[in-house]
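Asks: If you're matching them up, the sequences are chains A and B in order. So in the working numbering, spot 104 of the first sequence is number 104, and the numbers just go up one at a time. So in the working numbering, spot 265 of the second sequence is number 265, and the numbers just go up one at a time.
Mixed in with the good hints there might be a few duds.
Copies of the same chain look alike in the list, so a pair counts if it fits in one copy or across any two.
[Said to hold, decoys possible] Quick list of in silico lysine to any residue cross-link-like pairs, SDA-like style, CA-CA up to 20 Å:
hint, residue 1, residue 2
1, 438, 82
2, 374, 139
3, 258, 63
4, 438, 98
5, 374, 133
6, 374, 140
Calculated from the structure, these hints are not laboratory results.
2 protein chains.
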Amino acid sequence: MPNEPPLPAAGHDSGLVSGLGPGLDPGLDSSAESDSDSLRALFRPRSVAVVGASREIGERIFRYLRDRGFPGPVYPVSASPGPVHGEEPLPSLGDLPSPADLVFVAAPARDAADAVRAADDLGCGACVVVSSGFAESGPEGEALQERIEAIARDTDMRVVGPNCMGVMNPRLGLFGTSMSALDEIELPAGNVAVISQSGAFGTHAALLLRDRGHDLSLWCTTGNECDVDVADGIACAARDEDTEVIVAYLEGCRDLEKLEAALAVAAETRKPIVVLKTGRSAAGAAAARAHTAADAGDDTSFSEMFERCGVHRARTIEELIDVAGACAADAFPNGRRAGLLTISGGVGVVMTDAAVRAGLEVAPMPVPVQSEIKALLPFASARNPIDCTAQVFDDWSLFDHLLDAVVRRGGYDSIVLFLATVGADPAMMEPLMSRLEKVRAAHPDRVMALSLIIDGERRSRLERAGFLVFEDPTRAVNTVAALSHIGDHLFRRRPGPARAGEK
Amino acid sequence: MPNEPPLPAAGHDSGLVSGLGPGLDPGLDSSAESDSDSLRALFRPRSVAVVGASREIGERIFRYLRDRGFPGPVYPVSASPGPVHGEEPLPSLGDLPSPADLVFVAAPARDAADAVRAADDLGCGACVVVSSGFAESGPEGEALQERIEAIARDTDMRVVGPNCMGVMNPRLGLFGTSMSALDEIELPAGNVAVISQSGAFGTHAALLLRDRGHDLSLWCTTGNECDVDVADGIACAARDEDTEVIVAYLEGCRDLEKLEAALAVAAETRKPIVVLKTGRSAAGAAAARAHTAADAGDDTSFSEMFERCGVHRARTIEELIDVAGACAADAFPNGRRAGLLTISGGVGVVMTDAAVRAGLEVAPMPVPVQSEIKALLPFASARNPIDCTAQVFDDWSLFDHLLDAVVRRGGYDSIVLFLATVGADPAMMEPLMSRLEKVRAAHPDRVMALSLIIDGERRSRLERAGFLVFEDPTRAVNTVAALSHIGDHLFRRRPGPARAGEK
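Build out the structure end to end from the sequences listed, making use of the hints.
Replies: In structure tokens form, the structure reads like this:
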């Protein structure tokens, strides 16, 4: 990454960032467009400065920015004397050789507004205030935050935070974050944008995605949202050509119309959004208020908006990551007809229950195909779920026949295959893997999910072949259902680019 | 295991198994008692025979029984000539030197009833019919099953199956199962009984439990249930002194009163039950019928019965294993007051939502303790959830103070601690682990769950220290809530033995 050339940088005329990014649809709504343009300083700056670079968090951000491949200059700024990682800091922003596109503010809360003001006076493109001690901490902090809000209201310079954990664009080597996990790990560039009010949540999501083999295109934590909010982040990610999936975390939202406009941009650009919106219970809403001073709002209006916009609202972090990971694999079923193939009749029932609850259609196999299967495997249930019993593994030709019947002749848009403990048996898995890979390759227009107990290496191999892989069959079914709903909205209700299976 | 002495064997007067097992409560209902007694031949036989030992499944069962430490004689029986794993089979059951306590029938479906009849005539204690091709496969199979049912109705000999995967008692070295996963793995003896209508599900559950460090006391798959059903298995496990948790899988139930009586036995003996009952949706119910010819019944009456009996009904396999595993750790909260400690305010909201939904009480911290925390950590939310922010890791004395405040002075029955990505940072985890272990040891009466990203070795260490460990915070909260409900029913509504924290 360190040696990669920088992406096209933000324009820097008169300090205001402008210019459409590459590959963006020129037909998009222009007000949302300019919002997004002005945010480009955040994700594609040419130069950065860190105010408060002698403080622990500032020092860390400076170090990550300087040492992780960001191609432009990185300036430490600190009123305190003494070197920061071997570099003498500049005493103030005014000492920069030219205005930085992006300024990180890690100064104490009482000094943060002055730093933001100075950045604006200089004509910097954007500020990210990572300091805490604002609205989340009481009346005094509220007053400090109000000063920053007042500056942001009067300028085109965009302000992220305060009380956030920063922004990242791994492809650009921009690791402008206080996330200390970076001391231990690398975050390669990928296709998932994470936009989170909560910094710790954003970190957690990034690491969970990484554990499952999905990497970040953009990462933005918005904290107390005195200016830039999750809607801005979503609109920006929706226009980012490296982003294919958007993960959003919201505790509240002050401007529902703006949020809906951002979701509409993502629908236009065919970017699936998976959202975790907290504060469903009264106690949860109170907790959200204590955390970021955000009002959780009326939960039903959020649900309705997400439904309207084809956004998948996850109920848990696990579900958020499952669905986002599946979206990142970029395959969406053509419809809701799901074939459930199982070597355990019992789990077939579990999957059927889950599929029906999640809105999939567990349509029966065509009758002639059912008869054919019954002739081959008298003990099988051939309707749907198709319970082939473990007997199929005594004779691979039976398995081949059954899998072919379900995939090619069942008329299903998606197939979920429960293989139980077979994945734990190397003698079974090798012949099985090659069969699965073959069927997968022969039917690129079907979404296929596997549920089985399996080791990491074989799991990766199956994922590379194009399978979604889960241990738990309910999670497999729920994820396929989510893909189906998202596919309905993004790819079937309007004309647009072909989706994976149709390419 | 192979060298361990056998447990007290079933009595064998006149072929009928009788006699109370050790450590059973003599005050239990006597009709359920005799049912359970007669089932002892299943789990504690002194001798076993396998009819159909030359067939693939029979051969496998014979091999597992003979080679995995069962201390009594194991007889292969087969009309086909030729050795089975080096042993010449006996031509018929009548050739046994004495009647076997337990007879496995792996003969073709059309011959199974004759084998059951022969076992009964000889005075064997119990039969397990693992053959398939009965009610699950059509009218012809139904007639074959009816023959077995007729025999079972007229005798004290108990019959398991047909169309099941057998029974296991790992402590006795009894691996009477066709589960081929045994070729790859060991199943050590533990404290969880798995009673499952579905054999493949029973296998899957056993392996999932094992992956999470929980082992089996008993394992019984009931298949088409022409005689022994899940209720019998539950009653038996409830009286088994090595069983501390019962995992049950049901697709249907022909005798709800009998099931409720079995659940009552488990409540008497203070054995938590976690159940997966499928067939909630109409399509799911149809799938269950196709699978074991069982009627899924009225779902609401099942839910009500489970609620009445303090049984935890899991919605997914994952939840089943989470809750069963937590029960196996044998710690139940004294009440529903949960303290939620988090280094991510956002996840605090997620946990609060989940806790409220699951029936936990997210009670505020005592006001003086809140003030104290606010004085130390002005940016913390001190109410509940307690958001200590990642700042506590910059100064361990802050963390110590906060953890002590929540655990010792918060007045909570359970504490869920979200540590996000800290588990992925070795430099953080070492000092953290010793602190957690110390607090855990100082407060044995609290249930403590951790949610974090962590490797297997550290996870085991935390589990050994007495923590419940989860990656997903919602699963952590839901499991603690389930423990709280189970604890309510088993340990607080009636006088009885002390539970974990009170020992």
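Asks: Have a look at residue 258 and residue 63 and pick one of within, between, both or neither, based on CA distance no larger than 20 Å.
Replies: This pair counts as neither: shortest intra-copy Cα distance 35 Å, inter-copy 68 Å.
Asks: Reference check for the pair residue 374 and residue 133, CA-CA at most 20 Å: within, between, both, or neither?
Replies: between (69 Å within a copy, 12 Å between copies)
Asks: Taking 20 Å as the upper bound on the Cα-Cα distance, should residue 438 and residue 82 be classified as within, between, both, or neither?
Replies: neither (63 Å within a copy, 40 Å between copies)
Asks: Reference check for the pair residue 374 and residue 140, CA-CA at most 20 Å: within, between, both, or neither?
Replies: This pair counts as between: shortest inter-copy Cα distance 14 Å, intra-copy 74 Å.
Asks: First find the shortest C-alpha distance between residue 374 and residue 139 inside one copy, then the shortest across copies, and answer within, between, both or neither for a cut-off of 20 Å.
Replies: Between copies only: 14 Å across chains, 73 Å inside a chain, cut-off 20 Å.
Asks: State whether the alpha carbon distance between residue 438 and residue 98 is at most 20 Å within one copy, between copies, both, or neither.
Replies: Cα proximity of residue 438 and residue 98: none, with 58 Å in one copy and 54 Å across.
In summary, the structure is inconsistent with hints 1, 3 and 4 from the numbered list given earlier, while agreeing with the others.
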